[in-house]
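> Spelled out, the chains give:
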Amino acid sequence: MARLKFYCDAERCIECNGCITACKNENDVPWGVNRRRVVTIKDGEQGERSLSVACMHCSDAPCAAVCPVDCFYTTEDGLVLHDKDICIGCGYCFYACPFGAPQFPQDGAFASRGKMDKCTFCAGGPEENGSSAEYKKYGRNRLAEGKLPLCAEMCATKALLAGDANVLADIYRERVIYRASSSLRRGVDLQKQNLGGNPGAGS
Amino acid sequence: MKLTKVSDRVEGTRTEVVGTPASSGVSRREFLRNSGLMGTTAALGGLVAPGMMRRAEAASDAPAKGEVKQVKTICTHCSVGCGVIAEVRNGVWEGQEPAFDHPFNRGAHCAKGAAVREHGHGERRLKYPTKLVDGKWKRISWDQAISEIGDKLLKIREESSPDSVYWLGSAKHNNEQAYLFRKLAAMWGTNNVDHQARICHSTTVAGVANTWGYGAMTNSYNDIHNSKSILLIGSNPAEAHPVALQHILKAKEENNAPIVVIDPRFTRTAAHADHFLQIRPGTDVPIIWGMLWHIFKNNWQDDEFIRQRVYGMDEIKAEVAKWTPDEVERVTGVPEARVRAAAKVMADHRPGTFIWCMGGTQHTIGNNNTRAYCVFQLALGNMGVSGGGANIFRGHDNVQGATDLGVLANTLPGYYGLKPGSWAHWARVWDLDLDWIKGRFDSGSYAKKGDKNIPVMNTKGIPVSRWIDGVLEDKDKVAQKDNIRAMIFWGHAPNSQTRGPEMKKAMEKLDLMVVVDPYPTVSAVMHDRSDGVYLLPACTQFETYGSVTASNRSFQWRDKVIDPLFESLPDHTIMYKLAKKLGIEKELCKHIKVNGDEPLIEDITREFNRGMWTIGYTGQSPERLKLQQANWGTFDFTSLAAEGGPCDGEYYGLPWPCWGTPEMKHPGTPNLYDGSKPVAKGGLTFRARFGVERNGVNLLAEGFYSKGSEIKDGYPEFTDKMLKKLGWWKDLTPEEQKAAEGRNWKTDLSGGIQRVAIKHGCAPFGNAKARAVVWTFPDPVPIHREPLYTSRRDLVSKYPTYEDRKSFWRLPTRYASIQAKDYANDFPIILTSGRLVEYEGGGDETRSNPWLAELQQHMFAEIHPRDANNAGVRDKDDIWVETPEGKIRVKAMVTRRVKPGVAFLPFHFGGVFEGRDLRSKYPEGADPYILGEAANTAMTYGYDSVTQMQETKCSLCRIQKA
Amino acid sequence: MNAYGLLWGLLLALLSTAAQAQNDTPPQSGIWIPNPGADLWKAVRQRGQPEPSTTQVQGLDSNQLINVAGEKFRDWRRERFIRYAAYLLAGVPVVILLFHMLHGAMKLEPSGRKLLRFDLYDRVAHWLLATVFLFLAFTGLLLLFGRFVIVPWLGLDAFSPIASASKEGHNLFGPLFLVALLWVFLRFVARNLPAWRDIVWLLKGGGAFGGKHPSAGFFNGGEKLWFWSLAVFGLLLSLSGLLLDFPSYAPSRELLVLALVVHGAAAVILVAFSFGHIYMGTAGVEGTLEGMRDGTVDANWARQHHDQWYAEMVREGRLEALSEAQENRAETTTGQLEEGRT
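Residue numbers (the working numbering), protein chains in the order written: chain S, 1 to 203; chain G, 1 to 962; chain A, 1 to 342.
Chain S on its own, in the form it takes in the complex (with noise of 0.2 Å):
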């Protein structure tokens, strides 16, 4: 059975966001909920990397552990998708969520939560496919039009995959190899021979 999952590669990521607008277009998501985000690390200097992230649908997820009304439900392609209409916005599969996926709209007075919204990796939710029901609470269904989620179809650097683990592993594996020997004989190493130190330092 395939699992659907998200890989995104962090020597191709310039953080250019492309993947949160994507998916603010395909899924026409407000203002103050994001899906998807980008999170860079060392920003500023060397050694910066960026990493595109939204839900990882994890195979024991721990939203749905700790969903008091238990929303979740997990499909055979080993997507966890949620049911709006059983969600009562309590906020604790934010709190759970190694990733930081959960998003809540304000609503209403006292700046309570609405109803939970996250990456549906473009697969709607329990509604009919392809229904207007469907688009309103969840965005597009492109799962079931054959389609993968925008964000990484769109990706600007090929860094943001998506599809199944294995076929994601071994492109992944491809390019480490190609890596591994073109840092090589790109002769990084004499940077560092030559250099020393922290080139992000400048002078």
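Keep in mind the hints are simulated off the structure, nothing from the lab.
When the alpha-carbon atoms are kept at most 25 Å apart in a straight line, the in silico DSS-like pairs for lysine-lysine are as follows:
hint, chain 1, residue 1, chain 2, residue 2
1, S, K136, G, K69
2, G, K504, G, K136
3, G, K725, G, K707
4, G, K228, G, K677
5, G, K876, G, K887
6, G, K821, G, K887
7, G, K891, S, K42
8, G, K509, G, K481
9, S, K42, G, K876
Chain S is fixed; fit chains G and A onto it per the hints.
Just chains G and A, lined up with the frame of chain S:
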């Protein structure tokens, strides 16, 4: 059961199957298996999904009826030219699909490209013609607007001269609109017409064209796949051209190509580099000469290439010899080891490509910088080869096209210039009486050549970077009849230009301001006028159609996605309406069909096809472009050549020069000056543009010629006489002979001279050497000069700037008088500026797009922790950034991205002026989501010595807590 | 052993498991990151996230790649909290029931003479707090156990609106608890100041051992323990609840998780305590309920359970037969001692 798709239900840590498998499961797995295979084969820079698939039948309860139509168009944000597939139903832009078969982007997009569908919403657009009455915006009709504006323009024309109206065009126009705009200005009778190329790559165009013939990117984004090394200077494509990184990283990973980044900032591009040289802003020439010093010292240069194809390298060597490692370190701040390592890596990995952007061009010595870059590539023999080249990434989506089509104060379309012969050529193309055109201009004269008065139509206009001085300068110091009295901002963001406070003054002094734009822009709010401002809603390029030229000179056809929103109109329709009011519509559209008020786009394309012989804008007919558009998928991702299919053998976008007539079916030229191919197949030589001999030295190529050339050496450009001398005249048809008599390859409207030259394997423009020394420029050999506002007073005497000039592009221009004063004590921090990935240009469009605006909510200044601590500033504090000419209030971003003593500003913000929020001044509902202080409110005086490019990369500032 | 002693034991057990939960490293089995050889993820997970880390997305802790507290929270909630809370909240009533069956109610032989114990303000404050507490406890427990108790019974679709209403009601009336709590605290704190005899009372298990009631003032040691537990846990409950009520003002996700842990633990402890309180106030000790219902208690009840207070009342001459209508505080009737009313 409601949960139709439930198959597994996670219950604690156990997983048990309680549901039935969804019916769609099998097909979905099938799909993934397919995508998996393709993903593996195309792992590097390839696909992860199986291309386009038809959208599944809409479910029964979906209310939307009508068929989904897929429209192929091109992203309007940058010059990469990414393909976009829009899904439209019942005239509503419902979806955006990745264009996996597009040769440039393979479906990829940056934040802006992935958000273009928002143009179909346009919530913050300017919705109808609006006029400022007593400080309030008032809705008016199109007829009233055109009529009132026309009357005022005619009155100014009467009282002053046509030159008192400034036509500020746009790189956001498509080719046809850009051409029509230039023609409109010519019909109006002025050379005061310009656009953003002036302030983005004018120094590139001037520097590069004067080195080897054409002022454009020589290779292509895709050709970077063939590069063995990559050098980027003053360029941050990770933010400005993100999809270019797909090509760059492909070369890095597949070719082991080292990446060298030279920049004052540790940019997001630098984060992926192998060598990073952090220079002091404004020291491009020293760092390049510093690298060349090592190259020449170790004899890494390509001597054979230089002998055959380069003029003046010895003079360069003499200058480079002065740039010893010590001096380079003293001036740039980069130690020898790093410079040498970068030079060696470029020498060891050939061909290497050289990429630059506005970090190099926007300087008082911008033309020196760009020529130094060219010399570097010439020295290593990296020109005219696949994988090498000067890959100059242009800015706006159609800045290359608008430049080519002459929306410039110094030339007619096709870089013909403004000489009498140039006008005569275009009068023939337009089928107009040259005297009638002449009569449209001011009858006086603003300049002399010897004793002779130069007619106004042959005098360069005021460049867009200086329009404020055209307004504010004393009348007797401006070399035209009167000051500029009316500004027509046709797709222009004023906040992309320096000297904000003076611009505000200039706006307030004008008689008339007309803004034609999809958004009100900062032009609507920056000033404190209470009347005399008109806002006309233009539609975006998604609401019209036409051709667009990407950075790599490829033409792409854009289809119309949706009808114009609200009361907006396409630019060419507005131009025609205005021309009609001004009484010049018959001449403007003599051979262009007009439907209602809308000139037919295809006819405009065909018209410039008939005239743009210089740069081969002649072979791309609308039909050829549309055929290519329908067959995106047949073009190779690396070579851009179509393999099979209806476009077999053509290069994608028929990159110019696409010689001859469309019937000649030239495939376009993918890489300029590449002699390994016949000219007929896209090969080329360096252009013979600067004569055949100088000081007894041959300027033509020696022993080098393009493949299949019947002339096995250098040769000058083709003329009728040359054809006769060569005995090739008889190859012309009788009609061609008639048209070619007395003409050359640039002015023969039949294209016969070009056809015959190419038939014999020759480049119509000759085969010459590139010149490393541009003897017509202020600094023939590129040299370093300190910025006007420099922090290094110790270097001023050795590297002084130019003397002030009395009349330069009609205006007095200051250099030494500014540099003479020491500002470094009061303003100790170097101020530079640049781009953010989420926004584009002045940002009015992108800051009005909620999907983008949410990602950048505050204008900020990057400052080093050391400077922050010295100023008592913490991250996210409000600070004042103050230069000798202006001040802005922004948020501090404390980061090591910049060096101590350097601060960086992104320039896309606007709508706040010196701390004052101008939101209330926008027309209702048309204020962008995000406003912020414009960096250029603080940016200071300084203009390039050749093109009047503005200096935005080196100034001085002080930082204080607000 | 009486109910209070048992409650203490359970409380300690719960606290120790909670502490243990904090120290445990979470099991890694739960998450499979589809990222073969992703050094960066590994580094971030194992060595913590390198600084400075940024993102353009505005949101709570949006610049964190890995939420370390998440797995701890899940483990705490699913593996410990829900389980032990269930044991506790089911166990306490069972213990009380057993106790009641063995021990029976503490009988009261009414003397017929009444003693004013709680005036109107006391009673309103008490019942306000009690009502809010019961409402919050009920809705809170629904959210805690509903998935395991209600869902199998009614199904997801039926439970969701109940849960949603519970959540909204809980969030809406939550702050009222703090108000009621402060009122009760101010009203009763003077009478709940600890004294030596309270320790003795507690040590003797409130008279469960040895048969004779230990000495007690207005409130006995057990009641004071309840009061102070209520004050301390109630305050924790309120403060953590307020934070959870306005999550958008929280500075970090970890603080919210901490608040949730504190809120849950304090709530369960108080609910368990309240079982004892309710038992003692109703079926456990005859004559107690009427003190909070009518304001007066029987003199014999006072002598039996609060001998010192009774003595004081007698000394001050406040023992009287109050008419049911007379509900003002004792000042007005000072010295009007009436004896022999039958």
